[in-house]
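Throw the hints in and build the complete structure from the sequences for me.
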Amino acid sequence: MPILEANAFEFFSRSPDQTRRVGMRIGALLKAGDVVCLDGDLG
Numbered sequence: 000m001p002i003l004e005a006n007a008f009e010f011f012s013r014s015p016d017q018t019r020r021v022g023m024r025i026g027a028l029l030k031a032g033d034v035v036c037l038d039g040d041l042g
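Residue numbers (numbering that gives the first Met the number 0): 0 to 42.
Everything labelled a hint here was simulated from the structure, so no lab data went into it.
Treat each hint with caution, since some may be false.
To be verified - Subject to a maximum C-alpha distance of 20 Å in a straight line, what follows is the list of computed SDA-like cross-link-like pairs (lysine to any residue):
{"id": "1", "residue 1": "Lys-30", "residue 2": "Asn-6"}
{"id": "2", "residue 1": "Lys-30", "residue 2": "Arg-20"}
{"id": "3", "residue 1": "Lys-30", "residue 2": "Ala-7"}
{"id": "4", "residue 1": "Lys-30", "residue 2": "Arg-19"}
{"id": "5", "residue 1": "Lys-30", "residue 2": "Ala-5"}
{"id": "6", "residue 1": "Lys-30", "residue 2": "Phe-8"}
Okay, structure coming up:
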């Protein structure tokens with residue numbers, strides 16, 4: 000899926016551990032009111 004906005008981020012994970020590490024980094028940057036949308040198989 001193409002990135003349509005400057006503040007969008009597209010990431011393709013190759014393992015559950017890689018997804019977890021990216022989630023920790025993204026989580027550290029979030030502020031109250033931020034929205035994260037996920038697509039694809041989770042878990």
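### Message
Next pair to validate is Lys-30 with Asn-6; report whether the Cα-Cα distance is within 20 Å.
### Response
Between Lys-30 and Asn-6 the Cα gap is close to 14 Å, so the pair holds against 20 Å.
Next item on the list: Decide if the proposed pair is consistent with the structure: Lys-30 and Phe-8, CA atoms, cutoff 20 Å inclusive.
Entry: holds (16 Å)
Need the status of pair Lys-30, Arg-19: alpha-carbon distance at most 20 Å?
Measuring from Cα to Cα gives roughly 19 Å; hence the hint holds.
Query raised in the report: Does Lys-30 pair with Ala-5 here, judged by a C-alpha cut-off of 20 Å?
Result: holds (18 Å)
_Pair hint outcome, Lys-30 versus Arg-20 [Cα-Cα no greater than 20 Å]_ = holds (18 Å)
Within 20 Å, alpha carbon to alpha carbon, are Lys-30 and Ala-7?
holds (15 Å)
When each numbered hint is compared with the structure, no violation occurs for any of them.
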